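Participant: The lines below spell out each chain.
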Amino acid sequence: MKVTKDLVAASATPMVLGILAEADNYGYAILRRINELSGGELEWTEGLLYPLLHRLERLGYVASSWQSVTGERRRKYYSITSRGLTELAEQRRQWDTVVDALKGIWLGLGDHGSLPAITLECRA
Amino acid sequence: MTAQEGYEELESQFAQWRHYVEGRRELQSSDADELEDHLRGSVDGLIASGLSPDEAFLVAIKRLGSLDDLSREFAREHSERLWKQLALTGRTGGSEAGPRSRRDLWVMVGCAAGAAASVKAPELFGLRFEQDGSFYGPNFSLFALPWLAAYLGWSRQVGHRLIAILVALFALGAVAANVYPLADDSQSVVVTSIHLPIALWLVVGLAYVADDWRSSRRRMDFIRFTGECFIYYVLIALGGGVLMAFMFGTFEAIGVAPEEFISQWLMPCGAVAAIVVAGWLVEVKQGVVENIAPVLTRLFTPLFTAALLAFLVAVFWTSAGIDVERQALILFDLLLVVVLGLLLYSLSARDPLAPPGLFDRLQVALVVSALAIDVLVLLEITGRITEYGTTPNKVAALGENVILLANLAWSAWLMVKFLRRRTPFADLERWQTSYLPVFAGWAWVVVLVFPPLFSYA
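Residue numbers (my numbering), protein chains in the order written: chain Y, 2 to 125; chain B, -3 to 453.
I should point out that these hints are in silico values taken from the structure, not numbers from a laboratory. Nothing here was measured: the structure is a model prediction, and the numbers come from that model. Hints are supplied without guarantee of correctness; some may be wrong.
Unchecked claim - Going by beta-carbon spacing under 10 Å, a handful of chain Y positions derived as facing chain B:
(1) G28
(2) R34
(3) G48
(4) W67
(5) V70
(6) K104
(7) L108
Unchecked claim - When the alpha-carbon atoms are kept at most 35 Å apart in a straight line, the in silico DSBU-like pairs for lysine-lysine are as follows:
(8) K3(Y) / K58(B)
(9) K77(Y) / K281(B)
(10) K6(Y) / K104(Y)
(11) K116(B) / K281(B)
(12) K390(B) / K116(B)
(13) K3(Y) / K104(Y)
(14) K77(Y) / K6(Y)
(15) K3(Y) / K77(Y)
(16) K77(Y) / K58(B)
(17) K281(B) / K6(Y)
Just so it is clear, CB atoms sit at the ideal spot from N, CA and C, and this is done for glycine as well.
Modelling step: build the complete structure from the supplied sequences, incorporating the hints.
Facilitator: Rendered as structure tokens:
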């Protein structure tokens, strides 16, 4: 099962903000962390991640700084700002609402036994 | 392959990849840094899991996806990068050109201010911009073009010899405009007013090409510069018109009449300063946006060709001779100038190595139909001139016609040869660039020799 593009895009902002709320991080590691958290089910591309990070930076949700790593390599680290934390809380509230509503529907359906396959998959 | 070689190979692959990335204008060098770090992280991870450096690079690149997709996503977030900004004070991110371009800006402002001051200077001697048309007409280009030449000369660090030549030529222009005892209403004043700017513009060209004045490429650059400069000037003039309209309206509304300020100060000063600004803009924005002149020629070449062919067909269909009035020769001169302009600016933007195509055929049609029309006009008009006698106006117009005709006829010949793949395209370009001195020579002859020749009529 692969998560659809629309859903990936919709969940991208809270995902990145959430990861940055754990610790400051850089692009490649953020991508790996998403991969790890979703068990490889979320297909993120660089074309999604970096423009998103830049947009969040423009909106003031994250700040960036260049740090040098081995040799001449420079790495751009992102950290969440207080505005970003507020946004994350707001997004989280919205997502909780959506998830709760969906759970309500699916568990209700399960009780009536009309769509057992979905219920099973949902619980699995 | 040893591990060491593998890593060296990897570095060169990174360098090559970076080169591609930096070629994308959606991606800035800081983005390239970030993506390179990502790619390296990805490659390191893959090597750690057992792949060879070569394989790891291929897999990592594949995962990154095509550069097109990546740039598209970046462009969606950074759409402003596609609209390259013409920064007035150095660009953000690129600090190399900073102090240099700022100094450039100040020199330009100085030259523009100098032009504005020089156009007002004659007022100290009691000459008025509105009333003394016979002074300002021939002299107008002398207030603007030396300053533009000064700016170009400064930015190219021209040598002393060239400076001396430029000063001498501008002085010669001043002599031609002012020394001859021409009556205010004489034809020669008008003829000089038209030809001196052409002569002086080519002097500006000398400053533009600087030490490289024999080089055909540099002369072509000057032709490009001329076209772009003209377009910028027209745009600035349009903006200036809007500014004046608003000034007029708003001040009028509070009972202050700004006519005198506008006509005495804003218009003359703005007109000369804008020439310097236009020249500077062309210099600064080179490569920032697509050149406009070639785009316009692409648009209008088919339309002009159709119009001229329709005119020719109509002439033969109705078998009516062209009614040559006094203004007709000048009209057809202007037509030839337009055709030459269309030709020049599509030449200037053409890839010299591209094979002949449909557009080149269209241009031959354009030039040949213009020539045919012009020959008809010349046949009609030569009789009239001998009939009515010569005036500086007529001789100048006739001379221009002959010069343009010669240029276009030989161009047409070269183009036909190029279409049949007998000559390289470069011949056509060289013909046009080597013709520039002919225009300059003729303009100087008209300005310097015509007034005494026609006894200051």
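Participant: Now look at each hint and say whether the structure bears it out.
Facilitator: These are the hints, each one checked on the structure:
Residue-level restraint check for G28(Y) holds (minimum Cβ-Cβ distance to chain B is 5 Å; threshold 10 Å). Interface restraint check for R34(Y): the shortest CB-CB distance to chain B comes to about 12 Å, outside 10 Å, so the restraint is violated. Below 10 Å, beta-carbon pairs count as interface contacts, and G48(Y) has one with chain B at about 4 Å; its hint therefore holds. Using the Cβ-Cβ criterion of 10 Å, the hint placing W67(Y) at the interface with chain B is satisfied: the shortest such distance is roughly 8 Å.
The closest approach between the C-beta of V70(Y) and any C-beta of chain B is roughly 8 Å, which is under the 10 Å cut-off, so the hint is satisfied. Checking K104(Y) against chain B: minimum C-beta separation of about 33 Å lies over 10 Å; hint violated. The interface hint given for L108(Y) is broken, as the beta carbon of that residue sits about 38 Å from the closest beta carbon of chain B, more than 10 Å. Proposed proximity of K3(Y) and K58(B) is supported: the alpha carbons are some 19 Å apart, at most 35 Å.
In summary, the hint linking K77(Y) to K281(B) is supported, as the alpha carbons are separated by about 32 Å, within the 35 Å threshold. This hinted pair checks out: K6(Y) and K104(Y) have alpha carbons roughly 22 Å apart, not beyond 35 Å. Proximity of K116(B) to K281(B) is assessed by CA-CA distance (about 30 Å); at most 35 Å being required, the pair is judged to hold. Simply put, K390(B) and K116(B) have alpha-carbon atoms about 33 Å apart, close enough for the 35 Å limit, and the pair holds.
With a C-alpha separation of about 20 Å, the suggested pair K3(Y) and K104(Y) falls inside the 35 Å cut-off, and the hint holds. Distance hint between K77(Y) and K6(Y) is fulfilled; the C-alpha atoms sit about 26 Å from each other, no more than 35 Å. A distance of roughly 30 Å separates the Cα atoms of K3(Y) and K77(Y); the hinted pair therefore holds under the 35 Å criterion. Pair hint K77(Y) plus K58(B) holds up; C-alpha atoms about 22 Å apart against a cutoff of 35 Å.
Distance check on the hinted pair: K281(B) and K6(Y) sit about 41 Å apart at the alpha-carbon level, beyond 35 Å; violated.
Violation of the numbered hints given earlier is confined to hints 2, 6, 7, 17; the remaining hints are satisfied by the structure.
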